[in-house]
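Going line by line, the protein sequences match chains A and B.
Those letters in the first sequence? Residues 1 to 116, per our numbering, in order.
Those letters in the second sequence? Residues 1 to 114, per our numbering, in order.
Derived by calculation from the structure, the hints in this document are not laboratory data.
The C-beta atom is built at its ideal place from N, Cα and C for all residues, glycine as well.
Heads up, a few of these hints could be off.
Stated by the list, open to error - Pairs of lysine to aspartate or glutamate residues, derived as EDC-like cross-links and limited to a Cα-Cα distance of at most 20 Å, are as follows: (1) B:Lys60 <-> B:Glu3; (2) B:Lys36 <-> A:Glu3; (3) B:Lys68 <-> B:Glu55; (4) A:Lys83 <-> A:Asp63; (5) A:Lys78 <-> A:Glu68; (6) A:Lys78 <-> A:Glu56; (7) B:Lys38 <-> B:Glu15; (8) B:Lys38 <-> B:Glu109; (9) B:Lys64 <-> B:Glu3; (10) A:Lys42 <-> B:Glu15; (11) A:Lys42 <-> B:Glu55; (12) B:Lys17 <-> B:Glu59; (13) A:Lys42 <-> B:Glu3; (14) B:Lys56 <-> B:Asp66; (15) B:Lys36 <-> A:Asp71; (16) B:Lys17 <-> B:Glu3; (17) B:Lys27 <-> A:Glu44; (18) B:Lys27 <-> B:Glu54; (19) B:Lys36 <-> A:Glu44; (20) A:Lys78 <-> A:Asp63; (21) A:Lys78 <-> A:Glu59; (22) B:Lys51 <-> B:Asp66; (23) A:Lys83 <-> A:Glu44; (24) A:Lys42 <-> B:Glu41; (25) B:Lys38 <-> A:Glu44; (26) A:Lys57 <-> B:Glu3; (27) B:Lys38 <-> A:Glu3; (28) B:Lys36 <-> B:Glu109.
Stated by the list, open to error - Which chain B residues stay away from chain A? Per the calculated CB distances, all over 12 Å, these: (29) Thr20; (30) Gln37; (31) Gln70.
Each chain, letter by letter, is given below.
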Amino acid sequence: EPEVTQTPSHQVTQMGQEVILRCVPISNHLYFYWYRQILGQKVEFLVSFYNNEISEKSEIFDDQFSVERPDGSNFTLKIRSTKLEDSAMYFCASGGRGLAGYNEQFFGPGTRLTVL
Amino acid sequence: SQELEQSPQSLIVQEGKNLTINCTSSKTLYGLYWYKQKYGEGLIFLMMLQKGGEEKSHEKITAKLDEKKQQSSLHITASQPSHAGIYLCGADARGFGQGGKLIFGQGTELSVKP
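Input sequences plus hints: build the corresponding full structure.
So this is what it looks like as structure tokens:
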């Protein structure tokens, strides 16, 4: 069964360093997303990506964040200068039209980012 | 903005018992998703509801969306230890089929005692 994969599973970085989180969405999906979950809090939306451009972004997704789909299969989230408060589990999701025409979203296993 | 409230926040049941988790929205639900999450892991898609009155089942888990499309319930029959985890409801904020972001409830943590 197709699934969303993410690497690395755990990333530890120093404050101020750049990190790139990688995702391989399900191959025939058209919509791509990043969400994050700070420990003990709700899963919150960061950004959605469709047709090679950002379709929506949250207030969290400021100039320090960027997304890219460099080669038609990978989908990356870059944080340019990490802060302590960026520590969270980051989930990639991809979506496609189900048989009934609605958008199903499937999530990857997550990357746990720890900023020291 | 749309808010989702789940109840209860946590639940401990004896193996074999039935249970229900509720998800209430402040606005009409255009697509209501149920996911299961094990602590520290990813979200596993369970099912998605879109029409008022719709009901779907997968093994011993049944989800319903009320006619007014503002409340959904997840019912587990004859619970097993494998059902333990955090159940999340999510709503498509813009309307189903449009690839919109999901807004999530805070989750319901289920423990099943053998």
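Check your understanding: Which of the numbered hints are not met once you compare them with the structure shown?
Key -> 1, 10, 11, 15, 16, 30
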